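**Student:** So the chains spell out like this:
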Amino acid sequence: EAGVAQSPRYKIIEKRQSVAFWCNPISGHATLYWYQQILGQGPKLLIQFQNNGVVDDSQLPKDRFSAERLKGVDSTLKIQPAKLEDSAVYLCASSRDKAQGLYNSPLHFGNGTRLTVT
Amino acid sequence: SQELEQSPQSLIVQEGKNLTINCTSSKTLYGLYWYKQKYGEGLIFLMMLQKGGEEKSHEKITAKLDEKKQQSSLHITASQPSHAGIYLCSGGTSYGKLTFGQGTILTVHP
Numbered sequence: 001e002a003g004v005a006q007s008p009r010y011k012i013i014e015k016r017q018s019v020a021f022w023c024n025p026i027s028g029h030a031t032l033y034w035y036q037q038i039l040g041q042g043p044k045l046l047i048q049f050q051n052n053g054v055v056d057d058s059q060l061p062k063d064r065f066s067a068e069r070l071k072g073v074d075s076t077l078k079i080q081p082a083k084l085e086d087s088a089v090y091l092c093a094s095s096r097d098k099a100q101g102l103y104n105s106p107l108h109f110g111n112g113t114r115l116t117v118t
Numbered sequence: 001s002q003e004l005e006q007s008p009q010s011l012i013v014q015e016g017k018n019l020t021i022n023c024t025s026s027k028t029l030y031g032l033y034w035y036k037q038k039y040g041e042g043l044i045f046l047m048m049l050q051k052g053g054e055e056k057s058h059e060k061i062t063a064k065l066d067e068k069k070q071q072s073s074l075h076i077t078a079s080q081p082s083h084a085g086i087y088l089c090s091g092g093t094s095y096g097k098l099t100f101g102q103g104t105i106l107t108v109h110p
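In order, the protein sequence lines correspond to chains A and B.
Counting from 1, one number per residue, gives the positions in the first sequence under the numbering used here.
Counting from 1, one number per residue, gives the positions in the second sequence under the numbering used here.
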């Protein structure tokens with residue numbers, strides 16, 4: 001099966017600019033995740049979708065970050081305006097699990113988008 | 001909130017040596033995953049553990065989950081340079097919260 005697709009692979013922007021990332025999960029995967037991974041740290045969950053509904057966005061900085069998953073398939077994550085501390089790798093992952101609290105399937109990750117804010 | 005602590009933070013071994021990475025949770029885990037990450041790339045799934053006392057092996061890598069489901073270990077036998085990378089554990093609670101450890105950087109010298 002095709003893996004999780006993410007684009008772009010790299011992005012360099014100046015602070016206060018906006019940026020958008022795109023993710024296409026594995027076909028048939030109900031759950032989609034966006035993670036932020038700062039260098040030297042483990043991934044931090046930003047938002048979790050179940051089909052096209054949000055089930056967890058408690059760690060999403062909603063004043064500048066937004067995400068949507070239209071039609072329950074692909075998703076976009078946007079940052080506006082960007083800050084220096086947003087420099088990180090943004091990882092998208094998907095899973096077959098259809099509800100929170102089910103741990104029957106692993107997450108499948110894309111290669112991520114490396115964002116540098118100058 | 002649930003936290004996962006990994007140890008050691010980094011590990012340098014000579015090729016052929018055995019090694020163990022630990023992952024400890026402050027709460028009971030209902031799913032525990034191990035991933036490997038190459039620098040600048042996504043995470044690759046290694047193994048999943050769900051039951052207390054469960055142990056799984058794939059090639060030279062063995063993962064275990066203790067009976068209390070709060071601690072897991074990843075053991076590599078006869079390490080090779082191809083094993084080098086960042087190893088991350090990820091665990092889920094009954095509330096559906098899935099978090100990651102901070103990762104263990106493994107370097108294997110030929």
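Some hints could be false.
[As the list claims (entries may be wrong)] Residues from chain B shown here face chain A by an in silico Cβ test under 7 Å; the list is partial:
(1) Tyr39
(2) Gly92
(3) Gly101
Keep in mind the hints are simulated off the structure, nothing from the lab.
Please read all numbers here as calculations on a predicted model, not as lab measurements.
Backbone N, C-alpha and C fix where the C-beta goes; we use that ideal spot for every residue, glycine too.
**Student:** Just pull the numbers of the violated hints for me, sorted ascending.
**Tutor:** 1
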